[in-house]
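Novice: Sequence:
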Amino acid sequence: MSILLWKNRPIKNLIFGLKRISGRNNQGRITRYHRGGGTKKMGRLIDYKRYIWNIFGFVHRIEYDPKRNSLIALVVYSNGIMSYILSPEGLLIGDCIFAKENIVLKPGNSTYLHKIPIGVRINSVELNENKGAQFIRAAGSYATIVSKFEDIIILKLKSGELRRVNSNCTATIGSISNFQYIYRNFRKAGFYRLKGWLPIVRGVAMNPVDHPHGGGQGKTSGGRPSVTPYGVITKGKPTRKNTSVFIIKKRKS
1 MSILLWKNRP IKNLIFGLKR ISGRNNQGRI TRYHRGGGTK KMGRLIDYKR
51 YIWNIFGFVH RIEYDPKRNS LIALVVYSNG IMSYILSPEG LLIGDCIFAK
101 ENIVLKPGNS TYLHKIPIGV RINSVELNEN KGAQFIRAAG SYATIVSKFE
151 DIIILKLKSG ELRRVNSNCT ATIGSISNFQ YIYRNFRKAG FYRLKGWLPI
201 VRGVAMNPVD HPHGGGQGKT SGGRPSVTPY GVITKGKPTR KNTSVFIIKK
251 RKS
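Residue numbers for the sequence shown follow UniProt numbering, beginning at 1 and rising by one.
If you are wondering where the hints come from, they were derived from the structure by calculation, not from laboratory data. Among the hints, a few may not be true.
[Unchecked claim] Here are the simulated lysine-lysine pairs, BS3-like style, with alpha carbons at most 30 Å apart:
#1 K249 <-> K158
#2 K249 <-> K237
#3 K158 <-> K195
[What the hints assert, rightly or not] Pairwise CB distance ranges (calculated):
#4 P117 <-> I21: 39 to 47 Å
#5 K19 <-> T228: 19 to 27 Å
#6 K131 <-> T234: 29 to 37 Å
#7 F58 <-> D210: 29 to 37 Å
#8 K219 <-> M82: 56 to 64 Å
#9 R20 <-> T228: 18 to 26 Å
#10 S226 <-> I11: 17 to 25 Å
#11 G160 <-> N207: 38 to 46 Å
#12 T228 <-> I182: 23 to 31 Å
Nothing here was measured: the structure is a model prediction, and the numbers come from that model. Where is the CB? At the ideal position from N, CA and C, for every residue including glycine.
Turn these sequences into a full structure, and let the hints steer you where they fit.
Specialist: Right, here's the structure in full:
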């Protein structure tokens, strides 16, 4: 069933302005290449904590968020409060959702991990209590509860990684919407520019002063393993640093 996306403006009280950094760090130096330009974007205030408990809410509409690849849903609660949440797959306009301890296993409902049965797909999982959803927030992503201990839940991520999480952390039922994101087609170069990407120039096409691969007579292939403009190996070198004691089994290579 196709989802009817909201075509008009978002709720004014739930948006904020975003500063463009164009790939620069706090010192103004480029740390991400080929970033800059693009259309102006407004951020949406997403309710990651699901702080409105024991009050039912209705999905008023499904919206597009320019700063994320998943869709968001505008929820209107029975006490009149409105908030945005990450829209799970299968959540439809008019659905009633809850955030409480004992819930029905339905997409959009949120509760503690120890209240969710084994084998159920979940998203928007906390890593620390009352910190809000910190991972499993990208389009099409989900985790599955594989086992439970006293106060530890073991999750299997979509990458194959097994991870320990406190059982008092919260999660939302279902997988994140818009799994077709990986099949998107940009159609033309201008579409990519509107997303904030600049043209990518090969290092071998530069001068020696600009890149280690630059220079030479005619077309040369660099003469050395692929490196960044600063001489760091760039193909095949592991870059992950944040290994954790909570990871039981590493993700697939």
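Novice: Now look at each hint and say whether the structure bears it out.
Specialist: Here's how the hints hold up against the structure:
The suggested pairing of K249 with K158 holds, with an alpha-carbon distance near 13 Å, which does not exceed 30 Å. A threshold of 30 Å between alpha carbons decides the hint, and for K249 with K237 the separation of about 20 Å falls inside it, so the pair holds. About 27 Å separates the Cα atoms of K158 and K195, which keeps this hinted pair within 30 Å; it holds. Here the CB-CB span from P117 to I21 is close to 42 Å, well matched to the stated 39 to 47 Å.
Here the CB-CB span from K19 to T228 is close to 26 Å, well matched to the stated 19 to 27 Å. For K131 and T234, the Cβ-Cβ distance of about 34 Å falls inside the hinted range of 29 to 37 Å, so the restraint holds. About 56 Å separates the C-beta atoms of F58 and D210, a value inconsistent with the hinted range of 29 to 37 Å. The hint said 56 to 64 Å for the Cβ distance between K219 and M82, and at roughly 59 Å that hint holds.
Taken as a hint, the range 18 to 26 Å holds for the pair R20 and T228, whose Cβ atoms sit roughly 23 Å apart. The hinted window of 17 to 25 Å between S226 and I11 is violated, with their beta carbons roughly 46 Å apart. Taking the beta carbon of each, G160 and N207 are about 44 Å apart, inside 38 to 46 Å as hinted. Evaluation of the 23 to 31 Å hint for T228 and I182 yields a pass: the beta carbon distance comes to about 26 Å.
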